[in-house]
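Asks: Chain residues, written in single-letter form:
2 protein chains.
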Amino acid sequence: MTPARTGPAFVAEWRDRVEAALDGFLARELAGVAPAVADPIRYAVLSPGKRIRPLLMIAAYRAAGGASPRIADLACSVELVHAYSLVHDDLPCMDDDVLRRGRPTVHVRFGVAPAILAGAALMPLAVEAILAAARPMGVDDARRRRLVETLTVASGANGMVGGQLLDLRAEGREVGREELEAIHTGKTARLIGASVSMGGIAAGADGERVAQLERFGLRLGLAFQAIDDILDLRGETSELGKESGRDAALRKATYPGLFGLAEAERISRDLVRDAQAELAGLEAPGALRDLAGYIIDRSH
Amino acid sequence: MTPARTGPAFVAEWRDRVEAALDGFLARELAGVAPAVADPIRYAVLSPGKRIRPLLMIAAYRAAGGASPRIADLACSVELVHAYSLVHDDLPCMDDDVLRRGRPTVHVRFGVAPAILAGAALMPLAVEAILAAARPMGVDDARRRRLVETLTVASGANGMVGGQLLDLRAEGREVGREELEAIHTGKTARLIGASVSMGGIAAGADGERVAQLERFGLRLGLAFQAIDDILDLRGETSELGKESGRDAALRKATYPGLFGLAEAERISRDLVRDAQAELAGLEAPGALRDLAGYIIDRSH
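Protein chains in written order, with our numbering: chain A, 3 to 302; chain B, 3 to 302.
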């Protein structure tokens, strides 16, 4: 269950806490729920993952001066949304992937209809994770409302789901850089931006600092998607834990597809550099900076 | 777009306000969203419907002493969750329905993948509807939190989605009354119970009153499901606005399938009577009582 690369010390320390928090949250929420319901949900969430979005929230929280170890509980919320997006992305009518994180995808293991439903159950669970974590952390009512709103906006028509719909519509035709960025911003960068800005909100950061963290997250999210597409094109299945070459087979809109591999790598490095530039002035940007480096290092 | 039956005066008065509130909410939330994303979402929500769940919330709110006309905005939240459940229920891998509310289902009109995504986008929108409506109504932070939690719990693994999963697992085999009620409670009654109890929470009702309203809603929800199944078996497609006889074709677990038509009708009447008995002591139960009658009258 150990990911292939461990990354910086921050990652090694906090990933275990995120795993424990996810496990504990699902154990509490799914107590008494029939195995037919609970099993596909647990399978979707508790498969081995890098937990990059929770780690980004935790690093942003600490960079903005937050100190509660319970941030790992709040960080479950973004992983639950991410896990749900993976379940739906992998469906036969979407990307039709049979392998994810090195294991059969949820619909291969449990069937298509249970996969759709188990995925859908993760969105309300993500909101419940915020409600459950906020009070013990000392997050006040107004900030709890902003946490919920930030996650739901990033997950819905203006964010992840909207981006997935645009992505489907773009398959098999030429898109320009502007449309490509709109697709990637929606399907990937908004949730990463929300992960980072929610860390700031939970730490009590002011509006300007939260906006700064969100800009960092949005740029990093675009870089992250570019690197995912580069890895897919290169065919590094063992690194991805899923089938490679799927984007080209589906004629997806990607940076390497649009600009070629070398230019896509340059663009991704520029995006990470732009993201890093947003970290100026933070109390403790170290872990956030290291994480950004860790994310781009996946391509080496 | 006018539903086949208008029902009591309360329904005639408030249904138009709910339609206007849904229309306004989606116009605001989907402003600037690409038509590829917005169109299936609007189609899923703004199809002609009886809006029973929002009407129940509004009637419960007024029964508990609430007076703000903005309750129609809060009531959008439960209709958004209901609309999302219909989109997913109708999918080829679920009930495979081609007709809903008298029109082609979302996947027939827009494709299977867009239907899954548009359905999924409605859950975060439902939470945003609560956040947007609560403050102008004067709902305080603690009650806003309870509204969000009530809706998410009713929608997720312990509620609607869990019930849908149990329903799938029960297809084609014999179930007893206990299992049947567990399925129907999850897939139908929890959201109806939440609709009613959220009306009480928004009105500032105390915990005992909210619990009473929820019991009313749960019993009414079971009756509602029983009547739906009776209508389906009788083949009254024009009343349902969808294909009839689907339950038998899918070998679904239903009251008439388990007990026969006459006994199922008796059970549904008993459930409505039990529900009505829960209304004792409310400030103004009239509209709630009428609505319960209106719901059972669909079967006549």
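None of these hints come from the bench; they were simulated from the model. Incorrect hints may have been included.
Note: identical chains are not told apart, hence a pair may lie in one copy or across any two.
Lysine to any residue pairs mimicking SDA-like chemistry, simulated, CA-CA at most 20 Å apart [said to hold, decoys possible]:
#1 Lys254 / Ala38
#2 Lys254 / Ala36
#3 Lys254 / Asp98
#4 Lys254 / Arg72
#5 Lys254 / Gly113
#6 Lys254 / Val114
#7 Lys254 / Asp292
#8 Lys254 / Ala279
#9 Lys254 / Asp91
Asks: All hints, please: hold or fail.
Replies: Going through the hints against the structure:
For the identical chains of this complex, Lys254 and Ala38 are inter-copy neighbours only, at 17 Å across copies versus 34 Å inside a copy, given an alpha-carbon limit of 20 Å. In the homo-oligomer, the alpha carbons of Lys254 and Ala36 lie at most 20 Å apart only across protomers (18 Å), although the nearest pairing inside one protomer, at 38 Å, exceeds that limit. Only within a single protomer do Lys254 and Asp98 lie at most 20 Å apart by alpha-carbon distance; the minimum there is 13 Å, versus 28 Å between protomers. With identical chains, the CA atoms of Lys254 and Arg72 are never at most 20 Å apart, being 39 Å at best within one copy and 44 Å at best between copies.
Proximity of Lys254 to Gly113 under the C-alpha cut-off of 20 Å is restricted to the inter-copy arrangement: shortest distance 18 Å between copies versus 25 Å within a copy. When the C-alpha separation of Lys254 and Val114 is checked against a cutoff of 20 Å, the pair qualifies only between copies, where the shortest distance is 18 Å, while the shortest distance within a copy is 23 Å. For the homomeric pair Lys254 and Asp292, neither the shortest alpha-carbon distance inside one copy (30 Å) nor that between copies (54 Å) is at most 20 Å. Taking the closest pair of Cα atoms, Lys254 and Ala279 never come within 20 Å of each other, the shortest separation being 30 Å inside a single copy and 58 Å across copies.
In this assembly of identical chains, the alpha carbons of Lys254 and Asp91 lie at most 20 Å apart only when taken from the same copy (13 Å versus 29 Å across copies).
The structure does not agree with the numbered hints 4, 7 and 8 stated previously, though it agrees with the rest.
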